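Build out the structure end to end from the sequences listed, making use of the hints.
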Amino acid sequence: MQIDDVTSYERSIAKYLRQDRLPHIWCAGCGIGPVLNCFLRAIDSAELNPDLVSVVSGIGCSGRVAGYVKLDSFHTTHGRAIPFATGLKLANPQLKTVVFSGDGDLVAIGGNHLIHAARRNIDMTVICINNFTYGMTGGQVGPTAPLDVRTATTPYGNFEPPFNLPWLLHASGASYIARWTVLHLHQLELTIVEALRRPGFSFIEVISPCPAIYGRMNKEPEGLDSLRNYIKRSVIKHGAGPRETAIDHKGPIVVGKFLDIDQPTLQDHLIGVAAKAKKPVKK
Amino acid sequence: MTAKRIGIESSLAVAEAVRLANVDVIAAYPITPQTHIVEGLAEMVANGHLDAEYIPVESEHSAMSSCLGASAVGARAFTATASQGLILMHEVLLVAASLRLPVVMAVTNRALSGPLNIWGDHSDVMIARDAGWIQIFAENGQQAFDQTLCAFRIAEHQDVLLPVIINFDGFHVSHVIEPMHFLDQKTVDEFLPPYRHPHALDPDKPVTMGGFAMPNMYTEGRKSLDTALRESKKVILDTWKQFGDIAGRYYKPVEKYQAENADTLLVTVGSYSENAMDAVDKMQAEGKKVGLVRVRLWRPFPYKEIIEALSGATNVIVLDRAISLGGPAPVCSEIRAALYSLKDRPQVVSIVGGLGGRDISPANFEKLIATALDKIKTGDAAETIMFGVRE
Ligand SMILES: Cc1ncc(C[n+]2csc(CCOP(=O)(O)OP(=O)(O)O)c2C)c(N)n1
Ligand code: SF4
Ligand SMILES: [Mg+2]
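Protein chains in written order, with the numbering used here: chain A, 1 to 283; chain B, 1 to 391.
Everything labelled a hint here was simulated from the structure, so no lab data went into it.
Incorrect hints may appear among the rest.
Negatives, chain A to chain B, calculated, CB over 12 Å [what the hints assert, rightly or not]: (1) 13; (2) 15; (3) 21; (4) 109; (5) 184; (6) 198; (7) 227; (8) 228; (9) 243; (10) 271; (11) 277; (12) 281.
Heads up, incomplete: computed chain A residues facing chain B, CB under 10 Å, no partners named [stated by the list, open to error]: (13) 14; (14) 16; (15) 33; (16) 160; (17) 161.
Predicted, not measured: the structure shown is a model, and the values here were computed from it.
For glycine and all other residues, C-beta sits at the position ideal for the given N, C-alpha and C.
Dropping the structure here:
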């Protein structure tokens, strides 16, 4: 897949949306909608059979995606999108399994599942909307909030260091790791296409504005304020090492494709073990 | 002794009660409709108005676990949750009770998935019924404030040492701004002695918590916990008496409203009781002999008070805001069982309604009572009635 193969933004994505569910719940200027848009274009570009794509979300504003796509989709309980998707994929390996959820869902309450899925290198694509907060519950501090940012539970600034997600995923064993912001929609679409096609565990972090809550508390009350901030702060650096991808309150936001490696997937290991297993002796 | 009346959101009033109780540790994970309580507390800690640790944990399971750790070293610990958060805590809820750690938790009652629903009912806490916690219901913000203060004193009493849940309805209570009376710090300090656990973790006197029991000990462990929970009622009654004496607001395990000469008694739990009162007033004015009984203490279950309140009635109608799928509704089944041993027992009708935030207005309560009385008349009162359901 060459990056230049996908250029047309005119394709209709309407067929992938449950239009009877619109208008969506997202606030004006929220980043989740544009990411969903990219994802649907990517499914189209990757020429996937929509009948074989399943989308699993947890709970949160980002988790609402599962309800808007006209694909097999599951809105699981908070934090459990990945284990749900694991069952789905293992039971029906021909499915393209995509987990689309928020930072709180995937990294806080569901954090354990994230690292174990990466360790297993199960064939799955995780799109993580990182808006640095629990948007749906009113913007409390979570494990991706940079130090010093204001949230509903840290009125004078966050005092807990956040995860550096690419590093976490790298250490856990993922095959593909990328990060973009909502400013980088074109790159994001291409990345999703690539991730969908690559076997193994792929993780795409999307830095996304939450103007209604997080932005309001951190001097970015409009979606555009965050986009301007991304223009200023984002630095494209493909292959950046895990130590370079930490995000703080004011410094650069390193984006790009950080890891893309071939390694046996869980499926490969399972097939390997199955081949070794002896046939039961008939009595 | 009671300070002036102020208007405040119930959730923030509960946060104020927790501040007055001078807790040491708050560990919480956000969930609607609870979050205003812990946001209020986080702000108080950040402002220096409350000298405590606020731990923004990564799930409710961790929230309860952190509270247990804090409580085990002798710190006063608080958390708040609802719905999915409460059921995610379950494993640790049971451990809190069996370790005899007096954590206090506010639960803004909310429906359970699925379908996903953020509004009020009692499904979340009814599933926690058997966890070994003392459980108390508040019907409005003032009661939630009062009961939160009482909860610490009950939980930490040396004869009790059990965790306490204060229940109040999500949104209908948690998000409502009400006029309330607070207590001042000095009064609270006198009412609530500092927390001391007789067997707290202490490097000078090492103890091990969370032991293992073989079949030859497990039953005794459960029996001792059950006895402690049943016997906590004495301390609960005493605490409510003491609280009444300082605040002028007295509470009872089972509270009656216009029940004296009633043939028919409606039994409710939680905030919908206030709508039921309006319905009872109207029906009595029309000459109907209808009264109301509200359950405040849910665990330990107040057998004596339930029997005393209901045994004289001809008809008892119990409203549950929770459904026990495939079985009898929880509050009604316990009330039926409590009345069963009476020689002359009232007819008991079970109604399930008000699920997932569906309102039961005073007019609906009149309808509900009429429906139940019809069932008694036609002799088919055995089945649970789903009130107001579209079929
Ligand atoms: C067990 C449980 N605890 C808490 C909640 C409340 N809750 C709903 S969404 C959410 C956070 C969502 O944050 P994130 O995944 O980052 O999504 P966002 O809204 O920011 O897109 C929380 C805490 C819940 N639904 N279930
Ligand atoms: S609260 Fe934040 S994350 Fe949720 S829809 Fe609004 S802007 Fe988006
Ligand atoms: Mg988020």
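Mind verifying the non-interface call on residue 271 of chain A? Its CB should be farther than 12 Å from each CB in chain B. holds (35 Å)
Taking the closest pair, is the beta carbon of residue 21 of chain A still more than 12 Å from chain B? holds (14 Å)
Quick check on residue 161 of chain A please, does its C-beta sit within 10 Å of some C-beta on chain B? violated (13 Å)
Beyond 12 Å on every Cβ pair: is that true for residue 198 of chain A relative to chain B? holds (29 Å)
If we take the beta carbon of residue 243 of chain A, is the closest beta carbon in chain B still more than 12 Å away? holds (23 Å)
Report holds or violated for the interface hint on residue 14 of chain A, using the least CB-CB distance to chain B and a cut-off of 10 Å. This interface hint is violated because 26 Å lies over the 10 Å limit.
Verify that the Cβ of residue 109 of chain A lies farther than 12 Å from every Cβ atom of chain B, and report whether the claim holds or is violated. violated (4 Å)
Residue 228 of chain A: least C-beta distance to chain B exceeds 12 Å? holds (29 Å)
Interface restraint verdict for residue 16 of chain A against chain B (beta-carbon cut-off 10 Å): At about 23 Å, which exceeds the 10 Å cut-off, the nearest Cβ of chain B leaves the hint on residue 16 of chain A violated.
Does residue 33 of chain A pass the interface hint, meaning its C-beta sits closer than 10 Å to a C-beta of chain B? Constraint on residue 33 of chain A not satisfied, violated at 21 Å.
Nearest-CB test (12 Å) between chain B and residue 13 of chain A: holds (26 Å)
Would you say residue 277 of chain A is clear of chain B, with no C-beta pair closer than or equal to 12 Å? Its Cβ never comes within 12 Å of chain B, the nearest being 35 Å, so this holds.
Checked against the numbered hints given earlier, this structure breaks hints 4, 13, 14, 15, 17; the rest are met.
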